[in-house]
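Chemist: Sequence:
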Amino acid sequence: MLGSLGQRFRRGVSACLEHQAPAKRRVAWLAAPWERLAEPSRRLELPRGYDVVGVAGATLGGSGATPVAIELCRELASRGARVGYVAHAYGSRVAGAARRVWPSAEAADEARLAARQLGCVGVPVFMADKRQAAIDAAARELPLGAVLVLDGALQATPQRFAESVLVVDGEVPWGSGFCPPVGDLRAQRVRLHTADTWLAMDRGGPIHPELVGRAQRARRRLTGVRNAQTAERRSLSWLAGRDFQLALAVARPERVHEQLLRHAVRARRLSTAADHAGLAALLTPKKSSNVECWVCTEKCWEATVGRDPAVARRVAGRVWLLEERVELPAQWLEALSARFVEPSRQVRASDRFDDSQRTGQGC
293 MLGSLGQRFR
303 RGVSACLEHQ
313 APAKRRVAWL
323 AAPWERLAEP
333 SRRLELPRGY
343 DVVGVAGATL
353 GGSGATPVAI
363 ELCRELASRG
373 ARVGYVAHAY
383 GSRVAGAARR
393 VWPSAEAADE
403 ARLAARQLGC
413 VGVPVFMADK
423 RQAAIDAAAR
433 ELPLGAVLVL
443 DGALQATPQR
453 FAESVLVVDG
463 EVPWGSGFCP
473 PVGDLRAQRV
483 RLHTADTWLA
493 MDRGGPIHPE
503 LVGRAQRARR
513 RLTGVRNAQT
523 AERRSLSWLA
533 GRDFQLALAV
543 ARPERVHEQL
553 LRHAVRARRL
563 STAADHAGLA
573 ALLTPKKSSN
583 VECWVCTEKC
593 WEATVGRDPA
603 VARRVAGRVW
613 LLEERVELPA
623 QWLEALSARF
633 VEPSRQVRAS
643 DRFDDSQRTG
653 QGC
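Following the numbering used here from start to finish, the sequence shown increments by one per residue and tops out at 655.
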């Protein structure tokens with residue numbers, strides 16, 4: 293009971309931060325301490341002989357930085373680079389030393405998701421309570437010349453990343469427009485603007501005018517659903533004919549809902565929990581007796597499996613996971629490949645990984 297109330301409180305706080313409201317301007321002064329102290333650059337000691345790329349969202353969740361970081365690893369590996377993914381520990385209930393993450397390990401939901409999706413292409417995933425420890429672990433295991441992709445870190449100091457990538461939503465790039473405790477903006481915009489590359493996530497709606505000519509466009513699209521128990525795949529048109537509940541434990545859940553509506557897929561209802569909290573409180577017989585199935589994201593399911601495995605086993609047959617594809621700008625990828633991949637290791641486009649290797653089920 294207390295856990296459920298705590299999750300509702302966390303989700304309520306997140307919703308308040310994410311909400312865009314003109315009235316927030318009256319209390320914008322409350323964000324001054326955060327604006328003064330929040331610094332996107334982290335003090336890190338970067339390992340010599342490695343190219344380090346930082347990927348972070350403009351807001352405290354919901355920008356799409358993790359899918360971009362995973363896809364960037366996959367694309368660089370497909371071009372011949374030796375790559376390691378350094379995950380953040382948000383949502384992890386297991387403290388400990390730096391370690392390599394496997395899909396079945398006790399780790400943060402997004403770290404396990406990355407391990408599942410990148411295992412097919414030979415990209416190891418590392419995580420630790422402290423980011424520096426995870427970087428050091430990756431450098432110990434990977435050879436000199438490898439690329440380390442850091443999820444959730446925009447820039448480093450005193451030595452800068454080889455490439456810093458700011459991921460923004462294409463329609464609402466700056467979230468609610470204010471830093472906490474008023475809004476969900478990660479830091480002052482002037483500090484975020486220093487990133488080497490802006491990637492605007494195109495979800496199918498109009499791109500914000502401020503991003504035109506400034507940001508490169510990355511396309512994020514839903515491709516279908518997969519059963520959590522059997523791995524059976526179905527199309528979005530099949531899902532459109534189902535009576536289902538959309539259950540989400542992510543930041544900005546309305547964006548997932550909007551993407552489905554753009555495919556003419558309408559849920560009976562949308563139920564939400566706090567980001568990284570898992571779906572155990574939502575996947576109950578009482579709340580779903582009148583629907584055929586539940587639908588959630590892969591990240592939500594990883595959090596549920598990690599936090600409440602008994603619940604996950606009980607309902608897996610009725611849960612369908614949304615599958616998506618992120619398409620990064622081709623010219624940008626080629627430019628990074630030219631910088632980070634040794635000429636002798638570069639792979640022809642015809643020999644790169646195919647689409648079956650874009651999910652853990654394609655291994």
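Derived from the structure by calculation, the hints contain no laboratory data. These numbers were taken from a predicted model, which means no experiment stands behind them. Even for Gly, the Cβ is constructed at its ideal location relative to N, Cα and C. Keep in mind that the hints are not guaranteed to be accurate.
[Said to hold, decoys possible] The calculated label-pair distances, taken between Cβ atoms and stated as ranges, are:
{"id": "1", "residue 1": "335", "residue 2": "392", "range": "19 to 29 Å"}
{"id": "2", "residue 1": "433", "residue 2": "320", "range": "23 to 33 Å"}
{"id": "3", "residue 1": "524", "residue 2": "481", "range": "40 to 50 Å"}
Chemist: Now tell me if each hint is right for this structure.
Modeler: These are the hints, each one checked on the structure:
1. 335 x 392: 19 to 29 Å: 24 Å, holds
2. 433 x 320: 23 to 33 Å: 46 Å, violated
3. 524 x 481: 40 to 50 Å: Holds, at about 44 Å.
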